[in-house]
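Visitor: Chain order of the listed sequences is A and B.
164 is the number of the first residue of the first sequence in the working numbering; add one for each residue after it.
164 is the number of the first residue of the second sequence in the working numbering; add one for each residue after it.
Any given hint could be a false lead.
No copy is singled out in the list; a pair is fine if it fits within one copy or between any two copies.
[Said to hold, decoys possible] Using 30 Å as the maximum straight-line C-alpha spacing, the simulated DSS-like pairs for lysine-lysine come out as follows:
(1) Lys204 to Lys189
(2) Lys498 to Lys617
(3) Lys189 to Lys306
(4) Lys617 to Lys204
(5) Lys417 to Lys189
(6) Lys370 to Lys424
(7) Lys498 to Lys650
(8) Lys650 to Lys370
(9) Lys556 to Lys189
(10) Lys503 to Lys650
(11) Lys372 to Lys498
(12) Lys650 to Lys499
(13) Lys312 to Lys204
(14) Lys548 to Lys189
(15) Lys617 to Lys372
(16) Lys372 to Lys204
(17) Lys498 to Lys607
(18) Lys503 to Lys417
(19) Lys424 to Lys617
(20) Lys312 to Lys222
Just so you know, these hints were derived from the structure itself, not from any lab.
Protein chains: 2
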Amino acid sequence: MNTSSSNPPQSDPQKTMNPLDLEEFKRQGYMMIDFLTDYYKNIENYPVLSKVEPGYLAKILPSSAPFQPESIESILEDVQQHIIPGITHWMSPNYYAYFPSSGSIAGFIGEMLSTGFNVVGFNWLSSPAATELETIVMNWLGKLLNLPKSFIFSSNIKGGGEIKKLSQIGKDNIGKLVVYCSDQTHSALQKATQIVGIHSENFRVIKTKGSNLFALSPDSLLSTILLDVDNGLIPYFLCATIGTTSTNAVDPIKLLCNVTKEYDIWVHVDAAYAGSVCICPEFRHCIDGIEELNSFSFNAHKWFLTNLACCCLWVKDHNALTTSLSTNPEFLRNKKSDSKEVIDYKDWQIPLSRKFNALKLWIVLRSYGVENLKNFLRNHVEMAKIFEGLVRKDERFEIVVPSKFSLVCFRISPFAISIANDSEGYYVGKMMNDAYLVNEMNHKLLDLINSSGKAYMSHGEVEGSFVIRCAIGATLTEEHHVTMTWKLVQQIASFLLGTPLN
Amino acid sequence: MNTSSSNPPQSDPQKTMNPLDLEEFKRQGYMMIDFLTDYYKNIENYPVLSKVEPGYLAKILPSSAPFQPESIESILEDVQQHIIPGITHWMSPNYYAYFPSSGSIAGFIGEMLSTGFNVVGFNWLSSPAATELETIVMNWLGKLLNLPKSFIFSSNIKGGGEIKKLSQIGKDNIGKLVVYCSDQTHSALQKATQIVGIHSENFRVIKTKGSNLFALSPDSLLSTILLDVDNGLIPYFLCATIGTTSTNAVDPIKLLCNVTKEYDIWVHVDAAYAGSVCICPEFRHCIDGIEELNSFSFNAHKWFLTNLACCCLWVKDHNALTTSLSTNPEFLRNKKSDSKEVIDYKDWQIPLSRKFNALKLWIVLRSYGVENLKNFLRNHVEMAKIFEGLVRKDERFEIVVPSKFSLVCFRISPFAISIANDSEGYYVGKMMNDAYLVNEMNHKLLDLINSSGKAYMSHGEVEGSFVIRCAIGATLTEEHHVTMTWKLVQQIASFLLGTPLN
């Protein structure tokens, strides 16, 4: 490990501690930049999915904090020797699991700046720039997404975006409130629903079908609502999704809102992953109908080059949030807040503490510019098409759901497994061709891909089928990574099926 | 502004975007370190509390994101010209408001490393080191605090700490559940209570008294509980505080737990600010009785040199958390989680995404060592004593509550105001001496301190009195800052009272 290219002096542990000595800040700051540069340079040499066993680190590290200071050199040595082997390398170009965490120079630089300023922007006064830049950047993004005016901040502070998580509260009649989603909705909704005290029997998970590409059907929604209303319950909240986790399904916002509008249901659209790509005109139709929504969110840390974490939320009527989430203790009172001419973002979120996240997103937008950002996203979509094309060309495989955005869902086909079975293939000779065994085989394929260390994918389950998910979105991924990864998949399949490579 | 000490090449906006070009990463990384070094070097030249007016930034920045990329040089130029004037400088040595946000080289370096790795440690598998280092570091901290064994992780994963916020759910009988706190408890509890659906009429705010140093009285708690039980309600949750926001009051944990234990009440202790200093033996008594608690938390970003954000939570029985917060969607299933031999921190928190925060805290503990950390904290306590001594020496002022930890609560005394009034002082000649005017005078004093730009303090209200809070805890604060700040307070008081400096 090279942590000290310019042969710096060792820290003197006996020196009186100055936690912000500027010479030392510069020395260690440069050293960390060098360390991370080396890390990125070597990232393809590490197994993407960590190979350590549970409890590995407790065996290595001391069981108590050191009494005396240790040098940054020895700390970084430990990071290299003991932490890096325990990391699953989300920044690797061969990372295709879940959805990637999107990072970039600009995102990193923005986080440094925010961390260095270390301001806590809970209200306007506590750091006006933090509040105002957030408002501006959310408007920039809102315009890129062509959001209706009702979602954009204007000078009279109505509507607008916010970098945080939605929290909805039902105070009265809580026992009658019903929440709707599909069986493809992210599990976060179920947790949120539990936390705010919605009865679990009032949480409706509406079934979707592969024949409808796993989109939530407005007809199913309507019949579910009608039944609830008949039973004296109160339809309350719908979470629709643009780009579901399993298969990137797209719920039809406009049609769903046609159903909900008669019932005064809060409609939120979770576009955590796919929201980013909707800045490209060719994908904007995915959020058609957005003017009917109450709120809309996506995570810039998933596919927008903004290092973890950065969630963007737009709310049409921010009063609905602030009415629920405002607290005005005396120690936070100030004239600007009392005047109501400023936003206090503490009233849009659960915690009081608040980092200056807008800096990150602002620097990303400026460093890359809209044109480059669109092309970056399109390039991932293009690579997904390439990967999908490769899958389709190999008849042992099937695409389970046609690829939207940059996720490819595939598996070894039941047919290929049945043939391998008939021909007494190397591995599956004794297997029988039924759904369970098809799933087992694909599970085995995924395990072997991941334990190879050369790529990391994850899985989903749709209509009982185990599906391998290849989510292309890591910043460093290039076309040759995708094609090499496909060759790896083929080789392992050949091993499993006992058939030669096509 | 000097952002480019080594005269680097300008970015070429026409070049194809490579968001992780390593040469550029290094160049911009060094540049940001230089920028922040300059920022800290000059930080005393900026007004601590920003002087901008609402809407200032929207007048300066464009209303849409740029189509073409901009250079990091021009972005940093804008940060210098337009963002820094809008920042309230939490890292300034003259920052004494609220509680400071604690930063350090180690905290910054740790954040860089975490941001660079950009791993999302929601479960063990997604980055084993993130989970395991967190467990180890929380045990280090737990031992420093001399927490009972029931709060420490052992190999059988029971109890233990977690870097996140507590969220408690009451599913049944929610309408009968009662939450207890004092009138000094942080407003966050009220918000949390609202969110989980506790009826606002079941939220008990028990009055405290100055004569009891604003501690929650076990007798008052008991009589409140008895009344609720009589009324068929269910005592559910008590939040006690070590180091309240207004005056750093310390609730008597042991005595309160004697009351609660008959009622099976979950007792949480919020030591957000003062928890850090309890690693010093002379303050450990403040958390005596901790073995009776269900959970305990403090924020390492408040007074433990760990840049925002880092909340540390210990829970005696983690099952209470995971039972409420677990979701196990198919896409996250894996053998390690199924085996139950690992911790999945996603089940200890609300969101799924999870940054590798333990790195920060680990590097802080190692870089400084326990001895230095204790001395760092003691030095702040010492400076608070010095400030308190200066206040006491000036008979125009009074200490409202004797200083504990490093917060000093003071005000101009009603007596000084009445004298100034009698002698037709410059400013207060026409004022009358009553409680309202005493508050007004102190409010004016605080406004003038803060608008001077030379220091930033905040206020509290106790028993109807407006109190000025001087919270000493910023990393860069040294004794001369504290004594100069006191001189500033005296000068402004002289101006207001029309009496000469003592």
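Visitor: Now, for every hint given, state plainly whether the structure supports it.
Guide: Do the hints match the structure? See the list:
Taking the shortest Cα distances, Lys204 and Lys189 sit within 30 Å of each other both inside one copy (22 Å) and across copies (12 Å). In this homomeric assembly, Lys498 and Lys617 come within 30 Å of each other (Cα to Cα) only across copies, at 20 Å, whereas the closest approach inside a single copy is 58 Å. Taking the shortest alpha-carbon separations for Lys189 and Lys306, neither the intra-copy value of 39 Å nor the inter-copy value of 32 Å comes in at or below 30 Å. When the C-alpha separation of Lys617 and Lys204 is checked against a cutoff of 30 Å, the pair qualifies only within one copy, where the shortest distance is 16 Å, while the shortest distance between copies is 46 Å.
Taking the closest pair of Cα atoms, Lys417 and Lys189 never come within 30 Å of each other, the shortest separation being 53 Å inside a single copy and 46 Å across copies. For the identical chains of this complex, Lys370 and Lys424 are intra-copy neighbours only, at 21 Å inside a copy versus 46 Å across copies, given an alpha-carbon limit of 30 Å. Taking CA atoms no more than 30 Å apart as the test, Lys498 paired with Lys650 passes between copies only; the shortest distance there is 26 Å, against 64 Å inside one copy. Taking the shortest Cα distances, Lys650 and Lys370 never come within 30 Å of each other, neither inside one copy (36 Å) nor across copies (70 Å).
In this homomeric assembly, Lys556 and Lys189 never come within 30 Å of each other (Cα to Cα): the closest approach is 53 Å inside a single copy and 42 Å across copies. In this assembly of identical chains, the alpha carbons of Lys503 and Lys650 never lie at most 30 Å apart, being 60 Å within a copy and 34 Å across copies at closest. In this homomeric assembly, Lys372 and Lys498 come within 30 Å of each other (Cα to Cα) only across copies, at 28 Å, whereas the closest approach inside a single copy is 55 Å. In this assembly of identical chains, Lys650 and Lys499 lie within 30 Å of each other by CA distance solely across copies; the values are 28 Å between and 61 Å within a copy.
Proximity of Lys312 to Lys204 under the C-alpha cut-off of 30 Å is found in neither arrangement, the shortest distances being 44 Å within a copy and 43 Å between copies. Neither within a single protomer nor between protomers do Lys548 and Lys189 lie at most 30 Å apart by alpha-carbon distance, with minima of 45 Å and 33 Å respectively. Taking the closest pair of Cα atoms, Lys617 and Lys372 never come within 30 Å of each other, the shortest separation being 34 Å inside a single copy and 65 Å across copies. For the identical chains of this complex, Lys372 and Lys204 are neighbours neither inside a copy (44 Å) nor across copies (61 Å), given an alpha-carbon limit of 30 Å.
For the identical chains of this complex, Lys498 and Lys607 are inter-copy neighbours only, at 12 Å across copies versus 63 Å inside a copy, given an alpha-carbon limit of 30 Å. Taking the shortest Cα distances, Lys503 and Lys417 never come within 30 Å of each other, neither inside one copy (34 Å) nor across copies (43 Å). Proximity of Lys424 to Lys617 under the C-alpha cut-off of 30 Å is found in neither arrangement, the shortest distances being 49 Å within a copy and 54 Å between copies. In the homo-oligomer, the alpha carbons of Lys312 and Lys222 lie at most 30 Å apart only across protomers (19 Å), although the nearest pairing inside one protomer, at 57 Å, exceeds that limit.
Checked against the numbered hints above, the structure breaks hints 3, 5, 8, 9, 10, 13, 14, 15, 16, 18, 19 and satisfies the rest.
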